[in-house]
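Participant: Next come the chains, spelled out residue by residue.
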Amino acid sequence: MLEVNGLVKRFGGFTAVNNVSFKVDEGEILGLIGPNGSGKSTIFNMLSGTLAPTSGSILFGGHEIAGLAPHRIINSGIGRTFQIPRPFRRLTIFENVALAGFYGQGRHSRARAEEAAERSLAMVGLPTDRHASVDGLGAAGLKKLELAKALATAPKLLLADESLGGLDEAEMDQAADMLRNIRDELGITIIWVEHIMGVLMRVVDRVMVLDHGEKISEGLPSAVAGDPRVIEVYLGTDAETTQAAAAEARRRAGG
Amino acid sequence: MIGQGRLAAWGIGLAALVALPFVYRDPYHLHILVLILIWSFAYTSWSMMGRFGLVSLGHGGFMGIGAYVTALLWNHLGLSPWIGIPISMVAAGALALIVGYPCFRFRITGHYFVLVTLALSGIVLQVITATRDYTGGSLGYTPNRTSGNKLLALQFDDKTTWYLIALGIWLFGIVVWHWVDRSMARYALEAISEDEDAAAAAGVDVTAEKLKITLLSALMTALAGAIYCQYQMFITPDTVSGIAVSLQMVFAAIVGGLFVSLGPTVGAIITILLAEALRIGFGTKAVGWDNLVYGVLLVLFIIFLPKGILGSLLDRLKPQRKVPRAHEQEVVQIARPGT
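Order-wise, the sequence lines are chains G and F. Our numbering numbers the first residue of the first sequence as 1 and each following residue consecutively. Our numbering numbers the first residue of the second sequence as 1001 and each following residue consecutively.
Please note that a few of the clues may not be correct.
Claimed, not checked - Over the 12 Å line for every Cβ pair with chain G, so calculated as not near, a few chain F residues: (1) A1008; (2) S1080; (3) V1114; (4) T1142; (5) A1153; (6) I1280; (7) G1288; (8) L1317.
Unchecked claim - Listed next, with one range per pair, are the computed distances between beta-carbon atoms: (9) G/D177 to F/W1010: 46 to 52 Å; (10) G/G136 to F/W1010: 31 to 37 Å; (11) F/H1111 to G/N36: 30 to 36 Å.
Said to hold, decoys possible - Covered stretches of chain F (chain G as the covering partner; in silico rule of three or more C-beta atoms under 8 Å from a C-beta of chain G): (12) 1182 to 1196; (13) 1202 to 1216.
These aren't lab readings, by the way, just hints derived from the structure by calculation. Where is the CB? At the ideal position from N, CA and C, for every residue including glycine.
Just chain F, same shape as in the assembly (with noise of 0.2 Å):
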């Protein structure tokens, strides 16, 4: 439940947040919080599914299906992003329900599931790369300009309007993301990670469960990559498709914190400044550079601060905030062998 003094601090924050464009109007930082809390809504819309011990290497697939989907539709039939959108989320939905069905079904679990994903990613990536005569393959694609309605194309060229629509996002991901926690199908999906068969001698219907979860995972990040295509106006298969944008959300969750709600919103501020900075150090000499130093974290995290920043944060400040779950504090034990 959340106490009194909570909301007030995120009415606060969101306040300030909706407050500051009107008041900091820098282009460029403007555009750099644009991203993180674009970004932000991805990783959490991953982590909806990978805190219960689904780990998805495919969402970069859903995430290019969103962006390629709605910019094809308005380019070739002239479809409006709200509809697009909503198909684009229905196409990577439908897609989620296509694998995730026989996978749960069969009960592909652990590393198993990992592979399968990891080739969804890969088949996407190639559809898009093969495609070319519609996708532009690697070259990337880029939406037309609208000359009429720009909300109708949602098409802006107003950083202030992407900064409220970004957070509008974002906060509909930390929301649902709350919403979950607090249901009775976190428990259900708890239990299922553990141990299915016992799961389903509570009566919980396993497939159904990781189906439902995986689908609004998938819907969301779908529409993340939509929104990214709308504010970029240029996509390529690399930056919202494939196997690195599935692995930069893999490690901006376990970075910034599997298991808090804000803990994908840290790791996609972590991730986009590390960018950035090598981007304007390096130059092009670092291009990919990031990717390499994620790979590093990552070990480096999975093994040292298995919570992520945030979430180790949080148990420092607040011990006696609640009971650690138990597997939070095993991996604390795994981190400290002895105690």
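Chain G on its own, in the form it takes in the complex (with noise of 0.2 Å):
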């Protein structure tokens, strides 16, 4: 359903994302990890047209996407959340998701727009009522918010942006079990960013580890997290370089 060929993004000198490919298959969920600074955020942003690639392509059912516009790429299935949520706080919880059922949609009708807003709210488990105020909501509430915008855009292909951070571990369970739930339900493709390996693992069909910019380790979430490289990016050379800190410190302060 996607495939994505040798994806580079530059930012002036720095390669944020260098030459990564991987293909996702319809129905499937993948994880995307990696420390911070790997280029997870930088693969969404160009999945979903934010950022446009300096090279690579990218084909989703078939038709290359890349570089196109934003509205472009959702209208044609491409749904996405972003890692902080960002509703509209001019508008009602309904009305945000209204919009994007309309103008996700492809601009079809009111009806069918506020219809989809109902079905979306339903799902993540909002309330329906027209004049509920973002305001309300908390951080659980904005993350389902995000997420609900997304669905009523009706995606093929949804990217789920870190929608795990700053939720206690309930919630996380919750959240998890939800995006399992659309692809069960809903039969939608997802591609889940996630700084947190735990509750992930436990969802996704298949991982893929990022760490600067480049495609170090894929597959099963069992494979993945036995990987030593993975271990390394994520633990290793963390405590190492630590030690190595550590012990110059105290060779220049005794010398």
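Join the two chains, each given in its own frame, into one complex according to the hints.
Facilitator: Given below as structure tokens:
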């Protein structure tokens, strides 16, 4: 369904994403993990059109979408959430989602948009009351609203960006189950970007690990979790360099 | 949704406004009312985009184009305003697109957008002044009086006729305001004014939506300029164009209330009564004083009454009518810190 080949993004002299290729099959949940600054969000922004790739191709359903304007990509069937929720505070919760339902589905009719809004709000467990203000939502509620907005655009592929940051453990489990429900019930393919490995590993079919803009591992969650390169990125080198730095500091202080 | 009561109130109010010139015929007062209605329409046109954070100081330019193009076509080519006005509107619309497209495409927003539009206003004023062989420059310009069909020339001596025309135009502006307010485009524009990337991620074509509202606003403003010219039969660059006119639009819309349909109308009543009071009270000594008062009032309003007179009044009267939108609440919190 999605085929990414040789994707590169440079900001001046800095290469944020370096020659990344991957595939996503219809109906799967692909986890995308990596430390801060590894290029996950940059990849997302290129898939959703917020950033144009420096080079490389993105085929979605057989069509090249690299470099298209965001609204075109959304209309072609890719929905996204933002890492930090970006609700429209001038609109009610319902209007936020109805907006996405209207413009995300090629501006058909208001009735259809409002229907999509009701369905999406119910799916994520937010009230479908038309007058509820966004200001009443907490961190978990805002993340649900992000998801509802993305769902209202009727995506075939959902890009969920670190949707669990800032939630407690129960909320995290709930959110992870919700993503799985979305896939199971609506048949939406999902790419899920996340810092937190634990919950993600439980839900995803496949994992891809990024470090410094490059793909370092890909496969089943169990295999990836045991990959020495992944362990090194997440735990190893950090601990070693910290120890080395501490030893160096001690040596200098002594001498 | 408009309730039964509000619809009835609108109906009664409109009937009273239509009946007024047949009952009350004082020409000076009717003249003031016509001015208020025409400027209300101009301010409403400005607020169409101003309410979405698209603050334009270029609308004096659109108004000037509406007035001058219509008058020039009439005097030089003998083209009836019925054709001249649409042409002037198309000219203003084309200019709006030429200025708007690069701004929106390349994300020139906020203060930078204001500066671009300010330049637009200045350029139109300069062009009118510089082509004085055709436009009369800063001395002003008068459409030729017709000796033939008055309807064809859109020239009427009768104040009642003008009052009814102005009332119709004003009502048209209010209807368009409500039409936009109830459309999905309002959701999109509110979203864009907050966060363009997030709006695009909801599927909104940000550039197109901003262009559409700018075009609509410019077309209406040009119409206001043309109607003003036909009514006054005398225009100068300073009264229909330039930065002073643009600033007056901003002032009136904010003072009256940006987020309610009749806000700009209230703003027009205040600005025109103020200008008239100064003119009558102080005569030629007070020329330009109104702009000074506008400036001071604008500062005071932005600080203390950001929703404008009508917006604040409606909130006070019917606090339960609707949940204030979040950005309106924010403004209130700024006004009352610590609550």
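Participant: So, for every hint listed, does it hold in this structure?
Facilitator: Against the structure, the hints come out as follows:
no., hint, verdict
1, A1008, "holds (24 Å)"
2, S1080, "holds (38 Å)"
3, V1114, "holds (20 Å)"
4, T1142, "holds (46 Å)"
5, A1153, "holds (42 Å)"
6, I1280, "holds (42 Å)"
7, G1288, "holds (37 Å)"
8, L1317, "holds (19 Å)"
9, G/D177 to F/W1010: 46 to 52 Å, "holds (51 Å)"
10, G/G136 to F/W1010: 31 to 37 Å, "holds (33 Å)"
11, F/H1111 to G/N36: 30 to 36 Å, "holds (33 Å)"
12, 1182 to 1196, "holds (count 8)"
13, 1202 to 1216, "holds (count 5)"
No hint from the list above goes unmet by this structure.
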